[in-house]
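Engineer: Please build the complete structure, drawing on both the sequences and the hints.
The sequence shown begins at 1 in the UniProt record's numbering and counts up one residue at a time.
It is possible that some hints are incorrect.
Label pairs and their computed distance ranges (CB to CB) [said to hold, decoys possible]:
1) Val405 to Glu827: 37 to 43 Å
2) Asp400 to Gly810: 51 to 57 Å
3) Arg164 to Gln69: 38 to 44 Å
4) Cys623 to Glu761: 45 to 51 Å
5) Ser163 to Glu337: 39 to 45 Å
6) Thr423 to Pro165: 21 to 27 Å
In short, the hints are calculated from the structure, not lab data. For glycine and all other residues, C-beta sits at the position ideal for the given N, C-alpha and C.
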Amino acid sequence: MKLCVISLCSRPIGLDACAHARMALELEVYTVVIKEEESSRSKVMELIQEADRSKWMVHSNHSIRCFTQGDIERMSNNYRTSLGRGAFGEVYEGVLEDGSMVAVKRLIGSVKEQFAKELIIHREINHKNVVRLIGYCVEENVLVLVMEYIANGNLNDVLHDDSRPIPLDIRLRIAIECAEALAYMHSHMYTQVIHGDIKPGNILLDSNFHAKLSDFGISRVVNTDKTLYTNNVIGSIGYMDPLFSLDGRLTVKYDVYSFGAVLVELITRKKAVVENVNNVYAFSNALTRGVRGVREMLDVDIARKNNMKVLEGVAKLAGECLRMDRDKRPGMIVVAERLRVLQKSSYQDQGRQRVDLFSWAWKSIPAPAALVNIQANILPSDMCRQFSFAEMKSATNNFDNSLLVGKGGSGRVYCGQINGRKTNVAIKCMYTDTVVNEFYTEIEMMSKHRHRNLVPLIGYCIEEDAMILVYDYMASGSLHGHLHGEQKLPLSWKQRIEICIGAGHGLRYLHEQQIIYLNLKMKNILLDEEWVAKITDLSLSRTGTSVKTRVAGTHGYIDPEYLITGRPTEKSDVYSFGVVLLETLSAQRPYYSIRQDEQGHSLSSWTLRCKEEGNLDQIVDPCLMGIINLWSLNKFVEIALKCVALKGIDRPSMGDVISDLEHALQWQESADASESSILPSRLCRQFWFAEMEAVTNYFDKSLLIDSGSFDRVYHSQIDGVAITLVDVTHVYSVCAFHGLIEITSKLVHDHLVPLIGYCDEQEMMLLVYEYVAGGNLSEHLYGTRKPPLNWIQRMEICVGVARGLCYLHGWQLTHGAVRTSNILLDEECLAKITNLALPPNLLDNQASKVHETDGYIDPEYLHTGVHTEKSDVYCFGLVLLEVLFGRPVIKHQRLEEQIAWLLIRGVQQQTLDYLDQNVDPFLRGKINPQFLKKFFRTAAKCLAEKGIHRPSMRDVMSDLQYAHFSLKLGWITDDSGCMSDDAMDEGR
1 MKLCVISLCS RPIGLDACAH ARMALELEVY TVVIKEEESS RSKVMELIQE
51 ADRSKWMVHS NHSIRCFTQG DIERMSNNYR TSLGRGAFGE VYEGVLEDGS
101 MVAVKRLIGS VKEQFAKELI IHREINHKNV VRLIGYCVEE NVLVLVMEYI
151 ANGNLNDVLH DDSRPIPLDI RLRIAIECAE ALAYMHSHMY TQVIHGDIKP
201 GNILLDSNFH AKLSDFGISR VVNTDKTLYT NNVIGSIGYM DPLFSLDGRL
251 TVKYDVYSFG AVLVELITRK KAVVENVNNV YAFSNALTRG VRGVREMLDV
301 DIARKNNMKV LEGVAKLAGE CLRMDRDKRP GMIVVAERLR VLQKSSYQDQ
351 GRQRVDLFSW AWKSIPAPAA LVNIQANILP SDMCRQFSFA EMKSATNNFD
401 NSLLVGKGGS GRVYCGQING RKTNVAIKCM YTDTVVNEFY TEIEMMSKHR
451 HRNLVPLIGY CIEEDAMILV YDYMASGSLH GHLHGEQKLP LSWKQRIEIC
501 IGAGHGLRYL HEQQIIYLNL KMKNILLDEE WVAKITDLSL SRTGTSVKTR
551 VAGTHGYIDP EYLITGRPTE KSDVYSFGVV LLETLSAQRP YYSIRQDEQG
601 HSLSSWTLRC KEEGNLDQIV DPCLMGIINL WSLNKFVEIA LKCVALKGID
651 RPSMGDVISD LEHALQWQES ADASESSILP SRLCRQFWFA EMEAVTNYFD
701 KSLLIDSGSF DRVYHSQIDG VAITLVDVTH VYSVCAFHGL IEITSKLVHD
751 HLVPLIGYCD EQEMMLLVYE YVAGGNLSEH LYGTRKPPLN WIQRMEICVG
801 VARGLCYLHG WQLTHGAVRT SNILLDEECL AKITNLALPP NLLDNQASKV
851 HETDGYIDPE YLHTGVHTEK SDVYCFGLVL LEVLFGRPVI KHQRLEEQIA
901 WLLIRGVQQQ TLDYLDQNVD PFLRGKINPQ FLKKFFRTAA KCLAEKGIHR
951 PSMRDVMSDL QYAHFSLKLG WITDDSGCMS DDAMDEGR
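Structural biologist: Written out as structure tokens, the structure reads:
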């Protein structure tokens, strides 16, 4: 039996001396003071109960699984293969049921705090250069984190346990990727994260030597406007900021110092500390004599003349990061940008040396048969292999047509096998009479540039009039094949956006190397076995824009500005990428006819027309109908249309495009988690007025369960349905009512009451909501509902409401009527927000007057008339006070007296005696005094008179969520939820 509430209202939702420091460096690594005894298994299990798991998971940035102990033992083969050991546990190799490799991190000892921190941070962080958390296990004596498997181990092993040379460009890329991840954690997350243990051992390297930060067990989560002070020693010898050991002040500049030590290690290939010799300190001293003073310390493998300028630049940057004045250390955003500039300089220097090896190909192209005499050392032997023609014949079974997987204007592609039939490859046989230039361009480009989103060139063959290129085999075919060809499979919208993002990263990498691709199209976006997009065929690429060239490309994808000027730019690629985006959305060719009798249209012009007419659904691939989220669709179309602007100057950079695509992906992932759809009709049913009369017995007063100024709530006689009736004559327009339905039907969240349907007949406007049986929060706090709520329950309710409001604000909507009476509780005390309201400026005079005389009103609104997200924050502060005091904080008196009562008596007199006297009698003496004061401070911040001084809902949610998480972990030892002040500060 489905329980529902039918609400008849119409309000759309507004959506840092040295001697002392050296002594400190001798402290034991990873010494962490655990202030409380380990809790019992039952309290650990409370961390993630089955009933709470879905609520916790839905707010993660990616899907996180909960495993049982049996699952962990099976995937790790009873912890058979160890990958390494750290301060808090050991890491084992594991395999999931789908065959994918994982790293199983088993924490040992009293490490609940570290376990909790890793969960909290991974739950909020989502960056390509941070190791991804796949899942966790919390059972008796078992605390396990299941992490993404990183194939090449850590940077420490690669630098010091492997004798193979590491090219400078690889080292720079590792440094850049780590810097970007730290910049993201310091500056771009809603809640700032200080890693606290940056060192080569915590920088993992995947199969393509891309860096990923790991081990957040001693990290700190802080508010961006605060500095942490702690007596705990964190970090590793050689990488710890000496200033921290002096004053205990922890800021993001701690990570900057550690990163400077890593930079030193990258360019010297010497450990930070060896046999009590601190090489980082020695490097810093040498720098005081100028950058030339460190040349003797540089790794001989890279200390060549052509690299020296870049190496000196890195050395100087490292020195700045290691400054003994933390305020003079650069931020990680600046560090990342300067490393990228050094990387570009490095590629330019290498390019000037390498270009002479290939320049002959552009002047006098030898006949294919003569190419046999070309020296194999033209290409770096470790990156590109020269095959014999006999090897090619063997690999393709003498070019058997059954192995032909594609052909085009430049050649034919076969699927082949090399290395004793152990390696699948794609063998491209090029037509020697027309594409010699392209052949050499492809070898030059692909042998120098390696990226996760570029198809790797394995080798080549120049023999017997043959020009052959050998690539890594892409098992999943091309994007073209899946949307237009025989490989056609129903790709989900999330898959399509991820493919576009991958291709975008490849294109951005080429642009960073000052390469213009000029050949972007669906057929040149290939997919590996894991559906990672990779760009192929760089044969048309150019490395400059100053000279006019023969226009190259494919009809439908060529930049019209390039066609006119003959001068390609990076924005030419952006145009082509925009066409690919539209093709991905519609599964239509760049030019096609809507009807057989109609002239062909360009996808861009047709999309623009549909957008202007409000008919975007016409361009959506039918396979995506009912699946694609409206907000994701709008953002995606907006990006695509920017890319296909007629003038290049109006087009975005690929970096901007990728950023916007990631936002579109986030919208879709959020919608998938909540089963939101582009089509509200799938979620929202229209009822007949006769049906409403029948289920309420013609709105019988005996079925009335609540009433307000303009609405009445009925409980139906059938299937537990309740109805809310609003007299729209005095409040809202029909248009507003329909707007409410359109918006509310797309809002799906655990902490919002779901809209089931509506009715708009007989001048009545009815909304049908899911029935929430536990009544509203005000009834539980100071009404008739018994028994009273304990402190943990109240904290869970506050966290839930904060999550719901964050969800609304994420949609750029405001609630407009946050109060305890609009917070409903289900049978399990799960909070659900109801009665979403229109912004007051959209109401008529009478409704606005009523709204303003309601005590729950942001004082700033009285002066500005503008209802903002901070208005919801203010009202939520009132809710927090009611939860704490167990009585209404708004009295039926003049508004000026209400504000004075709250701010003068409450905020200005926030003494413990005052709080203890006014707290709900049921809670008195049951809440730790310091914790009580912190909770009240949170409410006080929300009640700041000016909105600019109030925190965001996400900041409020973060504070409440951390406190609630502490309760669940058992850091608070008494039944009421008492938590020490240090635990609140040090846990972050």
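Engineer: If a hint holds in the structure, say so; if it doesn't, say that too.
Structural biologist: Hint-by-hint comparison with the structure:
1. Val405 to Glu827: 37 to 43 Å: Cβ of Val405 to Cβ of Glu827: about 58 Å, so the range 37 to 43 Å is violated.
2. Asp400 to Gly810: 51 to 57 Å: holds (55 Å)
3. Arg164 to Gln69: 38 to 44 Å: holds (40 Å)
4. Cys623 to Glu761: 45 to 51 Å: Between Cys623 and Glu761, where Cβ atoms are some 36 Å apart, the hint is violated.
5. Ser163 to Glu337: 39 to 45 Å: violated (33 Å)
6. Thr423 to Pro165: 21 to 27 Å: Given about 24 Å between the Cβ atoms, the range holds.
This entry does not satisfy hints 1, 4 and 5, going by the numbered hints stated previously.
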